[in-house]
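Engineer: Chains as they are written, first to last, in the numbering used here: chain A, 1 to 326; chain B, 1 to 526; chain C, 1 to 331; chain D, 1 to 300.
Rather than coming from a laboratory, the hints here were simulated on the basis of the structure. Please read these numbers as outputs of a predicted model, since none were measured by experiment. A hint or two may mislead.
Below, computed lysine-lysine pairings styled on DSBU-like, alpha-carbon distance capped at 35 angstroms [claimed, not checked]:
id	chain 1	residue 1	chain 2	residue 2
1	C	Lys-129	C	Lys-173
2	B	Lys-139	B	Lys-410
3	A	Lys-221	C	Lys-173
4	A	Lys-58	B	Lys-410
5	C	Lys-128	C	Lys-197
6	C	Lys-197	A	Lys-221
7	C	Lys-197	C	Lys-308
8	A	Lys-221	C	Lys-129
9	C	Lys-308	C	Lys-129
10	C	Lys-308	C	Lys-243
11	B	Lys-90	B	Lys-139
12	A	Lys-221	C	Lys-128
13	D	Lys-190	A	Lys-240
14	C	Lys-128	C	Lys-173
15	C	Lys-173	A	Lys-240
16	C	Lys-308	A	Lys-221
17	A	Lys-221	D	Lys-190
18	A	Lys-240	C	Lys-243
19	C	Lys-308	C	Lys-203
20	C	Lys-129	A	Lys-240
One-sided and incomplete, this derived list gives chain B residues near chain D with beta-carbon spacing under 10 angstroms [as the list claims (entries may be wrong)]:
id	residue
21	Lys-90
22	Arg-256
23	Leu-257
Backbone N, C-alpha and C define an ideal beta-carbon position, used for all residues, glycine too.
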Amino acid sequence: MFSFIVSRLLQALPVMLVVSFISFAMFAYVGDPVAIMLGQDFTEAQRQALVQELGLDKPFFVQFLTFLGNAIQGEFGLSYRLSRPVAELIAERAPATLELALCAAIIAMAVGVPMGVYTGLYRNSWLSRIFLTFSLIGVSLPTFLIGILLILVFSVWLGWLPSFGRGDVVRLGWWSTGLLTWSGIKALILPAITLGLFQLTLIMRLVRSEMMEVLRTDYIKFARARGLPNRAVHFGHALKNTLVPVITIAGLQLGAIIAFAIVTETVFQWPGMGLLFIQSVGAADIPVMAAYLMMIAAVFVSINLIVDLLYYAVDPRLRIGRGRGH
Amino acid sequence: MIRRLFLVAAALLAVAGAAEARTVRWAASGDPNTMDPHSQNVGTVTMVLQQIYDALIARNQRLGLEPGLALSWSQVEPTRWRFMLRQGVKFHEGEDFTADDVVFSITRSLQPTSNFGIFVDTIDHAEAVDRHTVDIVTKAPDPILPNKLASVYMMSRSWSERHNATRPQNTRQREEMHTVRNTNGTGAYRLQSREPDVRTVLVRNNDWWGWADASNNGNVTEVVFRPIASDATRVAALLSGEIDFVMDPPLQDLNRLRQAGNTRVLEGPEVRTLFIAMDVGRDELLYSDVRGRNPLRDVRVRRALYQAIDIQAIHRTTMRGQSVVTGTLFPEQVNGYVREEDVRLPYDQARARAQLAEAGYPNGFEITLDCSNNRYINDEQICQAIAAMWTRVGVRTRLNAMPLAPFFAKIQRDDSSIYMLGWGVPTLDALYSFQSLLATRNGAQGDGIWNFGRYSNPQMDVLVQRMKTETGEARQAAIRDALRLYREDVPHIPVHHQMIPWAMRSNISMPHMANNQPYFRWTTVN
Amino acid sequence: MSLLQVQNLRVEFPTRRGTLVALDDVSFEIAPGEVLGVVGESGAGKSMTGAAIIGLLEPPGRIAGGQVRLEGRRIDNLPYEELRRIRGRQIGAIFQDPLTTLNPLYTVGDQLAETMTTHLPIGPAEAKKRAVEWLELVGIPAAAQRVDSYPHEFSGGMRQRVVIALALCAEPKLVVADEPTTALDVSIQAQVIALLKNLAREKGTAMMLVTHDMGVIAETADRVAVMYAGRIIEIGAVREVVKNAAHPYSAGLMGSIPPISHRVERLQAIEGAMPRLSAIPPGCPYNPRCPFVFDRCRVERPELMPAKANRAACWLYAPEEAHRLQESGLA
Amino acid sequence: MKAFFDSDLWWSFTRSPVTMISALVAFICIAGAVLAPVLAPHNPFDLASLQLMDAFKPPAWGEEGDATYPLGTDDQGRDMLSAIMYGARVSLLVGFCAVIFSTTLGVVLGLLAGYLGGRTDAVLMRIADIQLTFPSILVALLVDGVVRAALPREVHDQIALFVVIFAIGISNWPQFARTVRGSTLVERNKEYVQAARVIGLRPLAIMRSHVLPNVMSPVLVIATLNLGFAILAEATLSFLGVGVPPTQPSLGTLIRIGNDFLFSGEWWITIFPGVALILMVLSVNLLGDWLRDALNPKLR
C-alpha cells in the first residue's frame, strides 16, 4: 500500500515538473515581463536594474529552480491587475470553485450513476429512452446556454433563485463557505446544476455502456445461472464491476468540472478561480495564469492519486499482481 | 390592557422600523481596481471613493461647486488661492482633519505615480497658513483651480505615514500598498469590507459633517457594491430583485426595465462625448493600404468620413435614442459650450464619395478602426456601424475592437490610424478637453496628453494658451474661436454625447448625475 | 419418471434476414442420476439446448415451441422469478471458461456462500463453513485459507473446480455442464472430468454434459445425444452409439476414439461443413454431406426412429427403405 | 456503392428513423454552411451591404417582419439566416479541421506506439496520460491564452482561426492514440501481419496496408463523436471571447452577441443561432451514437 502510494507520487512528479516548466515559460517569456512592468518610457539603466531584480540575467535553469522554489512555497508574485499576491488571490477564490465543483460532481454522480444503471439494465423501457434522449440533448447543449436558460427561467421568470454570485458566505478559518447560509445554498443551486448537467449526461452514458458491457460477461451469466436474485446480480455483481472504469472517468471528470467551472463562473459571476482566470486572460495577467495552471495541475494530480487509491480499494487484482489486466 | 400592549408593540415596531438597515445593493460592470484615492483617475474607482473621501470643494446635484472640506476660498493673488477649512472634521479612524492633511494630500497627488496630474498640473505647492487655513500656490494663474480641486480627495497624513503610503500606489510597478484595500476618509460612508471582484461594502458614517445640512437627505445605511460584468446577468439580477441599483443597464433592456413595474429608469446626459480621432501626424498610415501618403491629413478625407456617418441611424438603432447627437467637442453642461457651433456636417454619402475622389481616392482605401469594447455604452456596436458606413462609401474599414486595457495601451503607444474615444469633462470647463485632446503634444504637463492622432495646429495652440491664462469674456471668446476651428478643421469626427440611464428598484430615489457618479448622501430608500 | 423432459423444443433468433431456427424439434429425457452426453460440432445447438433449459437464452433468442419439464413440472414458461429459484437450486450450471465465469471482485468463499444463502435455509456463518467444505470436496488444497482468495489467485484448473463447487453447492438434481473442460489444459482435463463424474455420482446428481469431445462422453456419459444443425439426429446408450452408430453422421463422428490419455484429434474429420443456420437445406440437414443420400433425404425431413439399438433421424432406417440400408453397409 | 447499400451499416441506418432524421439535419446544416456563399440571401461579411436602419427586424412571420430577412436581423442589420449559415460554416470548419488534426495526430502516434512498442510506446503513452489528466477545454484555453499573449494582436487576429483549430485539435489526440494503439497491439500479433513481416515488408508499409484499415472503424466512431465536441468547444471558446475573431463570427460568437438581447424582446438574435448550434451538434452526436452501435455488433 505504502509503496503503491510512493510509486504513484513518483509518477506524478514528472507531470508537475512539466506543468511548472510550462508555467515558468509563460511567466518568463510570454509577453516580456520587463516591458510589461516598465511601461513605455524607460531608460536602459532602469531596464537593466529590473532585469537584475527579477533575476532574468541568471542562467535558464537557475531561473527555473528559483521559480520552482518560489512555487513550492506558494509564492507567485503580484497580480498585474489587482496588485495583490497571487497566492492570496487564489486562496481566496479556491473555496468558491471547489464548493461549486464538488456540488456539481455530487449532482452528476448521484443522478448520473442511477440513471446509467437503470438505462443499462432496462435498455428498452420508455423511461430509458427518455433518459437517453435527455442525455443526448445534454451533451449537445453548450454549458453557457444551459446557464443562460436556467437564469431566464428560475431567476427572471419565476424569481426563485438568485442569478449570480455566491450569496452570504461564512468564514471558517481561511475557508469561506456558502453552504451554511440559506442564501448561499440558494445561490449554489443553479450554477451547480449548470456545471453538473454535462458531466451528469456523460457519466450516465458511461455507466450505461459499462453496465451493458458487464452484463454480457460470463460471470454475470453464471451468477444468473446460480439463481442469484436480480438485485444481487445487478447491484452486487454488475455494478461493482462497472465501478472500476467509472471511478477513473469520474475522477477525470472532476478535473473537467473544475475546468468547465470557468464557463459557469463567467455566466453566474461566481467569484471563483475560473472567473479570476478568465479576467486574468483578458488582462494578460501572467502571474495569475501561471499560478492557476500550477494549482490546477496539483489538483488534477491529487485527483488522479485518489482515483488510483480507489481503484486499489475496489479491484483486488491490483493488490498483488503488477498487471491491471482487464 | 391588551390594547395598550398592542400599541406599545406597534410603537416599538415603528421605532425598530425607523432604525432598520436601509441597504442599497448596487451593481456595475466594472470593479474599482484600487482604493487609493490618488492613483487611478477612473470612473469605476471614483464612484466608490467619492462616497468615502471628501475634497476641499464639493459638487451639488447640478454639479455646481459647494463648500466641502473648505468652507470658503478666494484667489488672494493671481497664483495663490486661500482655503478656509471646516473645523471639527474627523477622519473615519479618528484623526482630526487639519491644514497639514491638505498639504499632504496635494503633495501626494503631485507625485509622479499619481494619475491625477490633470487636476493639479498648475499647482506649484501647498502650504498651511494655520491649523485651518491653506494656501495653494500655482505656477501660473489658474482660473479654474476650484473646479479641479473638486476631484482631489483629502487623506490623513498621520494615517498614511503610519501605513507607509505617503505616495500613491504605483500601478505600473505592481506594488501592494495598504491603500490598495484600505481607506480612511472624512466622507459620508466608511469602507467596511472589500473583496476585489466580489463585493465592496460601505456603511454610513453618522459623524459625517454633511448630515447636518438638510440637502443631504439620504437615509441609506449600507451600500453593497458588486461587480457583474455580464450585461444579461446584471439585468436579470435587477429584475429578480437581487440588486437594487444598476448604474450601466444595457440600452436594449431599458424598455423592459421601464415596463417591469417594480423597476424604473432614470435618464440623463453624461458629460462625455464620443468622437473619432485620426492619425494626422504620420506621413504614412500604419494600418492602411495607402502608401507614401496619409489620406487622413487631407481635410476633405476627414470630411468625407464625417459625412458618410448616418448618425441618426446610430442614435435610433444602436443607441435606442439614448444619445445626444452632436457636432462639437463637449455638451452644454461644460463652460464654454456654444450652441451655434454644435452643428454637424450633414449625412451625405454622395458628397462623401465626391470628396474622397477630389482628394485623390476615387476607389477609397483600406483602414483599421481601433475601438474599445467595454468602455463606453455600445462602443463596439457603434464602431461596427461606422465601419459599415465607411465601407459603403469606399473606405474599406477593418474593425479592431478590444477591451479597455489593451485599447488604451495601443492608442497611448500612438499605434493607431483611427480610433474612437469618449471624453468626459470632470472640471466642466472647455479647457480640459481642448488642452488634453487638441493641443500639440509638447511635453508640457497636460498639453495634448490624450492627443494620440498628433493633431497640431498653431492656431489651436494659441487659443489653448489663452484659455489657460485669460479670464472673463476674453477667455470665453478664445473657447468660441477654438470651437469654430474644431468645426472647420475636423480634427475629430464627433459622434454623440453619451446618455447614461440608471436603473433601480422603484423604492429607491436618487438624483441622476451627469458625471455618472451615484451620491448616496442624496439617496433614499423607502 | 424422468427428471428432465424436453419435448419438441424450438428456439428461434429473429434477425434482419429472417428468423433463424437454432433448435428445431429437440426432444430428449434425462433420468435422475443419469449422465446424458450431448455432442456435435460447434454451432450444432448443444450449448443452446443447455441455455434453453436453464432459461438463459441470449436475447433475441427465444423458445418458440415445445416444452421443458422438470420432474413433470413445466418450467420453460415460468415467470423469471420462479425460474430463478429453480436455477442453482434444482439445476446447476457449469460454463466453459473458468477464467471468465467467476466475478473477479469477490472472493470465491463469498461467491459460494452467496449461492448457498440464496437457495438454502442457512445463515452466513454456516454458509462460510460449507464453502470451505465444498472447496475441500472439489480438491482445493488448504481450503480454509483459499476461501478468502480472489479468483485471479487460482490457476485455470483450480478455478474450474471452484465453478463445479458453485454449481453443486445448492445440491441441484441436475447439472448442465457446457464444455467444462474445453478451456483447460489437456493435462488437467481428465482430473476435472473425473471430479465432476465422481461428485455427480456421489450426490446422485443427473448431468447434461455438453461437449464436442467424444472421449469425455465415452468415459462419463450413460447415454448420448448427437446434434447436428439444431436437431438431435441420434440418441442412445453411450456404448451403442459409440460402438455402433446408426446415423451416417454419428458413424463418421465415432470413426475412431483414442483413449482419453493420449488423444490428438477430438472429432474425426468429415468431408464438408455443417450448414449455417440461415442455409439449412430442406429434408435431412445432413443430406449435402451424406454419402448415402437419396432423393427422399432432400425433400422429407426424417424424425427420430428406431435404428439399431438407438434412435436416429435417418431415412435409411425407415422400414420401407430397408434395401438402401443393406446397400449402404451401415447395417 | 452497391456494396454499401447492401451492407449492415446501411441496413441499420434504414431501420432507425431517428438516425435518418439526424442525418438529414446534419446534411442540411453542412450543405447550408458549405454553400452559404451561394444560398445565403445576404453576405453578412460585406460591410457595405449592411443597413443599420434594418437592424432588429423580427423574423419574417412577425408583425414587423420583412420578407428579405426570413429570420430577422441583428443589431447591425445583419440578416440572421445568412449570419447563421456563415456562422455554421466557421463552426463546422473549425470542428472538422480540429477533428482531422487530432485524428491524424492521434492515429499516427497511436500506430507508432502500438507497432514499435518499447520506449516509443512508453514515452508517447506517458504524454497522452499527462494530457488526458487535463480536461481538453482547459488545454484549448491555455494554448489559446499562450498564443494570444505571445503574439501581437494583429498577427493573432489573422491566425486566430488556426489557433482555435490547433487548440481544440491538440486537446483531443490522446483519445485516438489510445484507441489506435490498443487495436494495433491486437493486429500486430495476428498471423497476417506476422506473415507480412516475415516476407520482409517494411513496418511503414505493413502499418499502412494491414494495420491501419483495421483500426479505422473505432477511429471513425470517435471522430464523429468528437466532431460534436469540437463544435461545442469552439462555441464555448467563442462565447468566452477567446475563440474565432469577431470578423468571422461563428455560431458561438453569434450566441454571445445575442445573449445581450435575451431580456429585451429581440429573442431571435440569440435563439436562432442557439437552435442551429444545438441541432447541428445533436444530429452529429446522434449519428455518432448510431455509428458506434452499428459498427460494434456486440452492443446490438
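Engineer: Could you run down the list of hints and mark each one as holding or not?
Structural biologist: Structure-based check of each hint:
no.: 1; hint: C/Lys-129 with C/Lys-173; verdict: holds (22 angstroms)
no.: 2; hint: B/Lys-139 with B/Lys-410; verdict: holds (33 angstroms)
no.: 3; hint: A/Lys-221 with C/Lys-173; verdict: holds (20 angstroms)
no.: 4; hint: A/Lys-58 with B/Lys-410; verdict: holds (31 angstroms)
no.: 5; hint: C/Lys-128 with C/Lys-197; verdict: holds (25 angstroms)
no.: 6; hint: C/Lys-197 with A/Lys-221; verdict: holds (24 angstroms)
no.: 7; hint: C/Lys-197 with C/Lys-308; verdict: holds (28 angstroms)
no.: 8; hint: A/Lys-221 with C/Lys-129; verdict: holds (26 angstroms)
no.: 9; hint: C/Lys-308 with C/Lys-129; verdict: violated (51 angstroms)
no.: 10; hint: C/Lys-308 with C/Lys-243; verdict: holds (11 angstroms)
no.: 11; hint: B/Lys-90 with B/Lys-139; verdict: holds (31 angstroms)
no.: 12; hint: A/Lys-221 with C/Lys-128; verdict: holds (23 angstroms)
no.: 13; hint: D/Lys-190 with A/Lys-240; verdict: holds (33 angstroms)
no.: 14; hint: C/Lys-128 with C/Lys-173; verdict: holds (22 angstroms)
no.: 15; hint: C/Lys-173 with A/Lys-240; verdict: holds (31 angstroms)
no.: 16; hint: C/Lys-308 with A/Lys-221; verdict: violated (40 angstroms)
no.: 17; hint: A/Lys-221 with D/Lys-190; verdict: holds (30 angstroms)
no.: 18; hint: A/Lys-240 with C/Lys-243; verdict: violated (51 angstroms)
no.: 19; hint: C/Lys-308 with C/Lys-203; verdict: holds (33 angstroms)
no.: 20; hint: C/Lys-129 with A/Lys-240; verdict: holds (25 angstroms)
no.: 21; hint: Lys-90; verdict: violated (46 angstroms)
no.: 22; hint: Arg-256; verdict: holds (6 angstroms)
no.: 23; hint: Leu-257; verdict: holds (9 angstroms)
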